[in-house]
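Given the coordinates of chain A, assemble chain B onto it according to the supplied hints.
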Amino acid sequence: MEPDERDDIVFHGTLQQLVEKVERGEMVPKLQASHAPMCKFFTSFYVISGIRHVVPLVHGPTGCPLWVSDIVRTRECCEFRGVPLEPTACTSLDETNVIYGGEGKLLEAVKEADERYHPDLIVILSCCCSGIIGDDVESVAREAEKFVHARVLALRSEGFGGDFRSGYEDAFELIMDLMEPPKTIRKRTINLIGARMGPSLTEFSDDLDEITKLLHEVGVKINAVIAGGCTVEEIRRAREVELNASWCYDWGQKLGDAMEARFGIPYSRTGQPYGLKATEEWLMGIARPLGLEKEAERVIREETERIRPDLDYLQRTLEGKTAIIEISEFPGPIRALSLARMAEECGAHPVVINVHPYTIKERMPSIKFLLETGVNPEVILTKGLFRLGSFRSSRETERELEGIVSSFDDPIFFGNAARYPGCPVVNLTLLNPVYLPHYGFRGIHNIAALLRQAMENQRLPRSTLFRGMLYGNETS
Amino acid sequence: MPTDACLDPYVRCALSGAAQTALGVSDSAVLAHAPQGCNYLVDGAFSWQDCDYAQTTTLCTKLCEDEIVHGGEELLARTILEAKELDISALFVLSACGPEIVGDDIVAVCEDMQPKVDFKIIPIECAGFRGSQYDGIDLALDAMLRTLAETRPTIPNSVCLVAPHANANPTWMADLAWVKDVLSRLGVQVVATLTHATPLSDLADVAAAEGVLQLSHDAGYRAVAYLADTFGVEPLCAELPLPIGMTNARRWLTSLGERFDAEPIAENMIADGERMVTETCRRRWPMARFFYRTPAAIVADATIGIPLVRFATEEMELTPALVALRSANLDAERLLERELNELGLAPQVVCGTDVYTTRRSLEAVRPRVVFGSTIERHASEGLDVPYIFEVVRPVRQFRLLNREYFGYRGILNLLECIQNEWSDRWRSTQRRYAARW
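Just so you know, the protein sequences line up as chains A and B, in that order. With the first letter of the first sequence counted as 1, position 40 gets the number 39 in numbering that gives the first Met the number 0; the numbers rise by one all the way through. With the first letter of the second sequence counted as 1, position 372 gets the number 371 in numbering that gives the first Met the number 0; the numbers rise by one all the way through.
The following block holds chain A by itself, in its conformation from the complex (with noise of 0.2 Å):
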């Protein structure tokens, strides 16, 4: 059956198209109960808690903060990334501070978390409950800061005011108030911006670290990457640099934008490094404005020629073929998008599935960036997309991918090992270190590898004990 004469599809049109529609609201969801991502108190608490030496100071009850630290904090930054036990402080409003204020509560706090943890920096995050109280947050810092040795900052962080996305950008930007006027220009060196690692598990650190490795082969150094674990001395000298740059357009745009307006810094606009072109575009995006793309232009020569086999490969296996694209884990649509491109540049037909409209929406400048470079896949949504559940709505997605898959003539799925769509999988998660990066050379070297163990294995039988875990079995 073709894909338009499905009955499950309820969009089927080119990206541009999607965006046009998502803009009328006409594909905003009307179930509010479903696809919840993380509010904008989480998003900024991660941004800042990738400061080194920071105390995100949360203004509200226990729950606010215990998500993110107990699991995030000491599980994934203590145990895999090296970071040492941070604290994550909280007035625990109750309440007789919800009827009666909370601000005095919160002077105390900052003073003890100062006088406790000896923090360069002190970020007080307000909650839903403080928030809507009214308790003056901006007012507290500034009256704090006599008190104390760190700087204090507040944080309008509300759950309920944004998106996840607002809390990420104001996060962002409250950090530019610590950026100060620069005493000197250094050559060549960059801020990387928009990561948010440290303290808080946001995103995998191999990309990132391709990237840093091909930046200090061109020369090109780096003051800090804003907020993957920097100082506080590294944010006040951001200003320093010729050149902002971010290792993915969608997170650094807002500092970036941000940063050129006030600040007069350039920003660098390329999408994610993934495949050739994209990877080219971002370190020349870098190197030409530091004034070295001669030594750029070397690097992606010797680099290139180190990976050609697998682009060879790659080339080779990809062209004339359909690439099912979808990208449900973390960190989404913008991915989708970079692989869709890569796809093509390697010669295939790219079908971007189920990137949610709430998604797209929440990402509309980087969208739009991406559409304005040429980047305007098919996509595909199916009802399962909307179902109430996770369980339903990956059980109806699944069966909607099976059948959209087998509608296409040689389809490769580009996704990861929890869909079974009966045609080879290429296995991008990224929960499998062993095949990361996916930016830049070796993230070519890495996709190379997981297309061949997709192509040469695709006949051997997939794990009912995975598939049942996932989806039930036929009486579930």
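Think of the hints as simulated: they come from the structure by calculation, not from any bench. A hint or two may mislead.
As the list claims (entries may be wrong) - Covered by chain B, per the in silico footprint, the following chain A stretches (three or more residues, Cβ under 8 Å):
#, stretch
1, 39 to 46
2, 51 to 64
3, 80 to 88
4, 91 to 101
5, 128 to 138
Just so it is clear, CB atoms sit at the ideal spot from N, CA and C, and this is done for glycine as well.
Below, chain B alone, put in the same frame as chain A:
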């Protein structure tokens, strides 16, 4: 005792505890009337209750600025109607901080919507600011009992079990399973478990139980009091630490045996259990048994922490020098005090500890052994604590199978944990030279 102005907490908020409790009722769904971030607490509660995502759905009204300004009751009503397509017996509606402060009346909305849906709607007002996750468990149990429990003829030799999930053993379900097995062998029927995989109908029958067994020292006191005061259900083993370690297990089983006229069965269980533990140790020969009077810290919830005091002192021959409990309630504190007096111990005691206070207490006491979690492993960095036995959440080791701490296999599970940490401590991290092959 830490100040409450600047807390680095171990324990989540009331919404989280209420969600843990609601998700323990099978054949139901949970709807968080909350901004979308709070739904992550509900998701956390989901795994805590060992829910199967193929069978349990969680929903959220995803409140935004509009609903905070204009109220979210209409959105809540609409979302309840959306849940009509789910095949469930009950929908628990949980309110978070935002809607409670702006005055959304979830109880009234639920009453209005009840005639329009086939499932039972149970509102639970459990905003995060109402207290800790243990308070949330109490709020949810209270709402459930007041809404659903009915007067029933008493069933002889029966009990209901309260708050098995207020237990920081990462696989506390095994503790519950041990209790149920013991009761079954004593000829005691379990009328209802509040809550874990509990059918809705059991909640209506709960007052038919002759006795109530509280399976937590952190939560459930209010539910036990309510069942006793309203329906005359008798609290059992109320003055005893939970059955972790030889003596605690013996006392607990003996008490139940006496109450249900099943002393010989209880005595046999004790004899068999103690023999099994001793013989297993003799066969497997755990090396981690030379801690004689080494100073130890216990940093845990009260449910595991209080009984561990005796286990550490008697079975392991350690000397508890610090007992830091994540929760603070008077009943648990009294129980701990009794235990310490009986054992003749005078450790530093902290109730309602937070991560900072724990670090400072460890710094002051300088124990050589800590029973705790991954948090203490990292919080004790630089303090030269050789052994961190990770027994309470969060722990590094993944568990696919449930492991109890209660009862006799529970003793072996704890010993296994201790032995593995002991082996890790001795593991070489460097090679003196390279092999030639």
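Hint check results:
1. 39 to 46: That given contact holds, which follows from 3 residues of the stretch 39 to 46 of chain A lying within Cβ reach (below 8 Å) of chain B.
2. 51 to 64: Coverage by chain B holds for the stretch 51 to 64 of chain A (7 residues, Cβ < 8 Å).
3. 80 to 88: holds (count 5)
4. 91 to 101: Satisfied; 6 residues make the cut.
5. 128 to 138: holds (count 3)
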